[in-house]
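With the hints as constraints, model all of the structure from the sequences given.
Heads up: the sequence lines are chains H and F, in that order. Following the numbering used here, the residues of the first sequence are numbered contiguously, the last one being 183. Following the numbering used here, the residues of the second sequence are numbered contiguously, the last one being 240.
There may be inaccurate statements among the hints.
[Unchecked claim] In silico negatives: residues of chain F with every beta carbon more than 10 angstroms from chain H:
id, residue
1, F49
2, A52
3, S55
4, A61
5, F65
6, I66
7, Q68
8, K174
9, H179
10, P191
11, P195
12, Q203
13, Q204
14, E207
[To be verified] Chain H regions said to be covered by chain F (calculated; three or more residues, Cβ under 8 angstroms):
id, segment
15, 20 to 26
16, 45 to 51
17, 126 to 139
If you're looking for bench data, these hints aren't it; they were derived computationally from the structure. What you are looking at is a predicted structure, and each value in this text was computed from that prediction instead of being measured. Each residue gets a CB set at the ideal place from its N, CA and C atoms; glycine is no exception.
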Amino acid sequence: MELRQLIRECKKNSVTAQKWLYDRFAVQFFVLCRRYQKTDAEAEETLQNGFLKVFQHMPEFVYNSDGAFVSWMKKIMVNECLQELRKKNNFFLVPETEAAEIGSCNDAIDRLSTQEIFRLITQMPVGYRTVLNLFAIEGYSHIEIAAMLNISVNTSKSQLSKARKTLQELVEKKYNYEERKAK
Amino acid sequence: MKNERQNDQWAGSVGSLEELPDGFHFNPQKLWNELEQQLPATAKKSRFFYYAAASVLIIAAAAFFISQGYQSEQSVLVVAPPAAKPTQQLILKDRQPLVGVKKAAEKQQVDIAPTKHKPLQVISREEIAATVPAETRELLPDMQMPSQAGPLILESKPAVKKTMVVATAKPAPKLKVIHLNELGIGPKMEPLDKPSWKQIALQQQAEQEEMAPAKENIKQVLYFKTPPRTSTSTTITDNH
Numbered sequence: 001m002e003l004r005q006l007i008r009e010c011k012k013n014s015v016t017a018q019k020w021l022y023d024r025f026a027v028q029f030f031v032l033c034r035r036y037q038k039t040d041a042e043a044e045e046t047l048q049n050g051f052l053k054v055f056q057h058m059p060e061f062v063y064n065s066d067g068a069f070v071s072w073m074k075k076i077m078v079n080e081c082l083q084e085l086r087k088k089n090n091f092f093l094v095p096e097t098e099a100a101e102i103g104s105c106n107d108a109i110d111r112l113s114t115q116e117i118f119r120l121i122t123q124m125p126v127g128y129r130t131v132l133n134l135f136a137i138e139g140y141s142h143i144e145i146a147a148m149l150n151i152s153v154n155t156s157k158s159q160l161s162k163a164r165k166t167l168q169e170l171v172e173k174k175y176n177y178e179e180r181k182a183k
Numbered sequence: 001m002k003n004e005r006q007n008d009q010w011a012g013s014v015g016s017l018e019e020l021p022d023g024f025h026f027n028p029q030k031l032w033n034e035l036e037q038q039l040p041a042t043a044k045k046s047r048f049f050y051y052a053a054a055s056v057l058i059i060a061a062a063a064f065f066i067s068q069g070y071q072s073e074q075s076v077l078v079v080a081p082p083a084a085k086p087t088q089q090l091i092l093k094d095r096q097p098l099v100g101v102k103k104a105a106e107k108q109q110v111d112i113a114p115t116k117h118k119p120l121q122v123i124s125r126e127e128i129a130a131t132v133p134a135e136t137r138e139l140l141p142d143m144q145m146p147s148q149a150g151p152l153i154l155e156s157k158p159a160v161k162k163t164m165v166v167a168t169a170k171p172a173p174k175l176k177v178i179h180l181n182e183l184g185i186g187p188k189m190e191p192l193d194k195p196s197w198k199q200i201a202l203q204q205q206a207e208q209e210e211m212a213p214a215k216e217n218i219k220q221v222l223y224f225k226t227p228p229r230t231s232t233s234t235t236i237t238d239n240h
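Below, the structure is given as structure tokens:
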């Protein structure tokens with residue numbers, strides 16, 4: 001079934017169409033939620049709430065293209081993740097002065113596969129990975145992130161630099177472990 | 001510059017990751033079941049409406065058929081059986097159906113006479129003597145056997161006393177009803193007095209009343225009563 005037709009049926013609250021839509025995007029958005037949330041259960045809960053919001057606000061959506069619809073749903077999922085994180089964590093208490101300590105990224109990260117990068121991101125602390133996700137993967141600017149997370153721009157930048165540094169350390173650890181294992 | 005390139009690379013790869021890496025667990029069906037329960041009730045309402053409509057239709061159809069069966073039963077009770085007339089009537093007499101041939105009704109003229117017994121012909125001895133055939137062979141076809149149960153009508157002449165030879169049917173012996181106590185067989189039972197007879201009768205009546213309506217109700221609810229065949233209800237009386 002075409003996405004346009006699926007959206008039209010979903011607007012009529014057809015459960016069958018909603019199931020089709022869910023089946024089509026469930027895994028993709030679970031991966032997105034899992035990048036923000038710490039556990040699988042939390043990611044599932046966020047995904048469920050996100051889909052509920054998608055179905056509830058479907059009548060308000062005006063179809064332009066398939067890409068626009070996917071971006072709209074992605075935005076809802078990201079907002080739902082941030083909302084959940086705000087409820088559970090108070091993770092943006094980093095001093096702004098530390099923003100100067102931004103380190104450059106290692107080339108070793110480029111050699112990692114997508115799944116390995118995903119796994120490393122999920123191992124990072126909540127604050128770091130949130131900014132990294134929003135900035136590096138979702139493509140938001142620091143000003144937008146600051147507004148979304150209710151923090152200053154400098155805090156956003158410092159969180160990102162720390163995230164990169166942590167990621168670099170994790171990659172190094174990974175390579176060291178593999179070298180030792182090979183020996 | 002390097003970071004920007006890396007961001008673009010990640011956005012393309014990690015952002016559009018559609019397969020779950022190893023070590024992560026996700027059960028889409030389970031989550032959908034939970035999600036379906038929280039969905040707006042409009043779709044569920046419509047499904048409920050269909051079920052409700054179907055059940056109402058089934059109940060209405062069942063009630064209609066039951067009432068039809070009941071009405072046919074009532075109509076049969078109203079129809080009075082046709083009075084037997086001592087005339088010739090056209091009735092339908094079913095033939096025995098042949099194998100592979102449709103059962104057909106055929107019109108036949110049958111005597112339905114109320115008089116079952118023909119009066120016997122009385123012949124005096126003189127008449128017999130006058131008409132004695134030379135051989136007994138001639139007599140045989142004319143002889144009539146008397147009916148067993150029929151009344152005998154005699155045409156007698158009171159003035160002339162003649163001895164008559166009459167073929168009569170042996171009357172059925174009248175048997176006297178004798179109680180076991182009179183014969184002296186079995187244990188002697190004391191005769192019951194009136195109040196005890198009444199009590200027994202009332203008990204039996206109560207038992208019958210308890211049983212009878214329950215039986216009827218079960219029949220009415222569970223079975224569709226087929227109307228009885230009125231076309232073949234008239235039976236051919238014994239005309240012999």
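Verification of the hints:
For F49 of chain F, the shortest C-beta to C-beta distance to chain H comes to about 14 angstroms, beyond the 10 angstroms cut-off, and the non-interface label holds. The beta carbon of A52 of chain F sits about 18 angstroms from the closest Cβ of chain H, which is more than 10 angstroms, so the claim that it is off the interface holds. Distance to chain H confirms S55 of chain F as a non-interface residue, since its nearest Cβ pair spans about 21 angstroms, more than 10 angstroms. Listed as a non-interface residue, A61 of chain F keeps its Cβ farther than 10 angstroms from every Cβ of chain H; the least gap is roughly 29 angstroms.
No Cβ of chain H comes within 10 angstroms of the Cβ of F65 of chain F; the nearest lies about 35 angstroms off, and the non-interface call holds. The beta carbon of I66 of chain F sits about 37 angstroms from the closest Cβ of chain H, which is more than 10 angstroms, so the claim that it is off the interface holds. Remark: the non-interface label on Q68 of chain F is consistent with the geometry, its nearest Cβ contact in chain H lying 40 angstroms away (cut-off 10 angstroms). Under the 10 angstroms C-beta cut-off, the non-interface status given to K174 of chain F relative to chain H holds; the minimum distance is some 88 angstroms.
At roughly 83 angstroms from the closest C-beta of chain H, the C-beta of H179 of chain F stays outside 10 angstroms, upholding its exclusion from the interface. Every C-beta of chain H lies more than 10 angstroms from that of P191 of chain F, the closest at about 83 angstroms, which supports listing it as non-interface. At roughly 76 angstroms from the closest C-beta of chain H, the C-beta of P195 of chain F stays outside 10 angstroms, upholding its exclusion from the interface. Listed as a non-interface residue, Q203 of chain F keeps its Cβ farther than 10 angstroms from every Cβ of chain H; the least gap is roughly 64 angstroms.
No Cβ of chain H comes within 10 angstroms of the Cβ of Q204 of chain F; the nearest lies about 64 angstroms off, and the non-interface call holds. Distance to chain H confirms E207 of chain F as a non-interface residue, since its nearest Cβ pair spans about 59 angstroms, more than 10 angstroms. Check on the segment 20 to 26 of chain H: 3 of its residues sit with their Cβ under 8 angstroms from a Cβ of chain F, so the three-residue criterion for coverage holds. Check result for the segment 45 to 51 of chain H against chain F: holds, 3 residues qualifying (beta carbon to beta carbon below 8 angstroms, three or more required).
Interface restraint, the segment 126 to 139 of chain H with chain F: holds (5 residues with C-beta to C-beta distance below 8 angstroms; minimum three).
No hint from the list above goes unmet by this structure.
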